[in-house]
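So the protein sequences, as listed, match chains A and B.
Take 1 as the starting number for the first sequence in the working numbering and just add one per residue.
Take 1 as the starting number for the second sequence in the working numbering and just add one per residue.
What the hints contain is simulated information worked out from the structure, not anything from laboratory work.
Fair warning: there could be bad hints in the mix.
Stated by the list, open to error - A few chain A positions that, by computed beta-carbon distances, are all more than 12 Å from chain B:
1) Thr4
2) Ile180
3) Gln204
4) Met262
Said to hold, decoys possible - Listed next, the in silico BS3-like pairs over lysine-lysine satisfying Cα-Cα at most 30 Å (straight line):
5) A/Lys228 / B/Lys60
6) A/Lys74 / A/Lys60
7) A/Lys261 / B/Lys60
8) A/Lys14 / A/Lys39
9) B/Lys60 / A/Lys103
10) A/Lys52 / A/Lys228
11) A/Lys261 / B/Lys53
12) A/Lys261 / B/Lys237
13) B/Lys194 / A/Lys231
The beta-carbon is built from N, C-alpha and C at its ideal position, and this holds for glycine as well.
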Amino acid sequence: MAGTFADIIEAARKKAAKRRLAISSVKKSDLEIISKAAKEGLIFPVLVGDGKAMETLVKKSHLASLEHEIMDVKDAGGFLRAAVALVREGRADMLMQGAEDLKSFMKAVLDANTGLLKGKLASYVSVFQLPKSDKLVLVTDTFVNNYPGVTEKQVILEQAINLAGLLGIEAPKVAVLAAIEQVNPSIPSTLDAAVLSKMGERKQFGNAIVEGPLDIDCALSHVAAARKGIKSVVTGNVDIYLVPDIESGYLLAQSLVFIGKMEMAGVLMGMTKPVILNIPFVSRGNRLVEIALASLI
Amino acid sequence: MIRSLDDVSRIAGEKGPKKLAVLAPEDEEFMLAVKRSWEAGYIEPVLIGNSEKMDELGEKVEFDISRFERIIENDRQRISDLGIGMLFSGKLSIVSKGQIPTSYVYRSIIRAEGKAASGMTVSVVSFWEIPGLGHLTAFTDTGVSITPDYRTKADILRNAVFLYHLLGYEKPRIVVISGQRKFGRTLDSYRDYKLLREAADAGEFGECEVVGATSFTEIFLGPRGRLRDYRDIDLAKIPHIILVPRLDTGNIMCKLDFFLDVTRCSIAVTSRGAVCIPSRADFSDSIITELAMGVVVADRLEKGVR
């Protein structure tokens, strides 16, 4: 079971075949990360864009001495489209956001016809390495869906459980977060949490143990939960935190990064092939972890 | 200016004891906090709750509660109504929630505000002391409004600014946070941020500044920044007041003290004074700090700052 980011990189390295990673509009800073990932044996980079410009860029980077491929695209407006098509058609195994703005990138990958969306929705799982312990925790959805209903939350949770499985967490303990730990019909997140918890009880999430609603103190502390009368194996030992909405998820992830100074890497789930976003609060160093994470999917 | 919770404790010791109604001190940690707050000279408790439980816990934490006013009541809502009633009638200056669900207390406050026709929007301010920061930072509203609209947010902000002025912050800096990302539709919370910023600039909340950021990323890295190294994060950039978009967000974030190296204390702002809102899961150290904050706020209110 992966307990640290180093474990994720090690697990990715052990995979038999190097994954072909497509990236368009590559920047100098991206090349550093890609070079590192290629050197670690994680990926075979495929750079999509203006061939000559990329060759010049590659010559000045460590990638020059490593295996890679440049796919020359004549239409300057079509670099991203070509990279997405490359992945969709199976000529590359994963896609990484380059210099494109987030709006264009998300539009391209989530397009129902030409993108990489597998089902009806995607979600972004933030993976945190807990300080002072060998444990990874997943927080979802921290980037994609604004106000998911219980149907969407079911899918979001399934996607996170899948990722947890890839990290070796076979029976993840899930905290479905809400403002309070009691079911209150005035607070919709508590109702969603109760429904998901019941679904978990009926094994609709496989081996996952789903508890909710839980407020964050009960989720974080077994003692705090016991003082509120909640007895559960989930409290104080959570593997997956399912947040009620984007306002909570996006801000919770950032709080842990900036105030908790916790290492974070993330990946877009629910895609036909792994997709790595360029999120500003993921440190440069942890983008390598994101590549490793994606190559496990 | 009160910069830390140490300042709060010191001032509470100087200005106390203040009469404080304790709603159901029926938990060991809570009774211990009442005992230690009384010993520190912060409070003179009025204990409202189940007689047997209070006696048992008093004995357990070696606290002779026979010397204090006691009101015997078993019904949770009635306990809350009694304590809040005493605050609104001026019999005492602070109330603290004990081992009862918070919703009971908010219900009592909202009813009391209604009767008093104060027009006050009740909200909760959860302070955080972040080590080395040099100022208190606070999330609001972390307790009452589930999905506040613009008008309610404006009231919530007004309450928090008032509280900060009371603590000696002349021009508190505010961030109106939102889940808005650089893709997808515009969220209501982002629209509200723009309106609140305009209102603050027009002086609607008194002396304060709503900063041009809606996320921690923007606060710490600017609009186009990216995190390079964790050592580059300068916590001093965190503003005084963080207005959260909804109750779920506020509650999840403010209680991260169970995980992060921060100390929390929560105060409900009412038209008649402070109501301390410790979580039922809080431990005695944390509860003592909340009671001390209640004493400081009550003292400053008595001086007629408002």
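Results for each hint:
| no. | hint | in the structure |
| --- | --- | --- |
| 1 | Thr4 | holds, 16 Å |
| 2 | Ile180 | violated, 7 Å |
| 3 | Gln204 | holds, 23 Å |
| 4 | Met262 | violated, 9 Å |
| 5 | A/Lys228 / B/Lys60 | holds, 20 Å |
| 6 | A/Lys74 / A/Lys60 | holds, 22 Å |
| 7 | A/Lys261 / B/Lys60 | violated, 40 Å |
| 8 | A/Lys14 / A/Lys39 | holds, 14 Å |
| 9 | B/Lys60 / A/Lys103 | violated, 60 Å |
| 10 | A/Lys52 / A/Lys228 | violated, 64 Å |
| 11 | A/Lys261 / B/Lys53 | violated, 42 Å |
| 12 | A/Lys261 / B/Lys237 | holds, 14 Å |
| 13 | B/Lys194 / A/Lys231 | violated, 43 Å |
Consistency with the previously given hints fails for numbers 2, 4, 7, 9, 10, 11, 13, ordered from lowest to highest.
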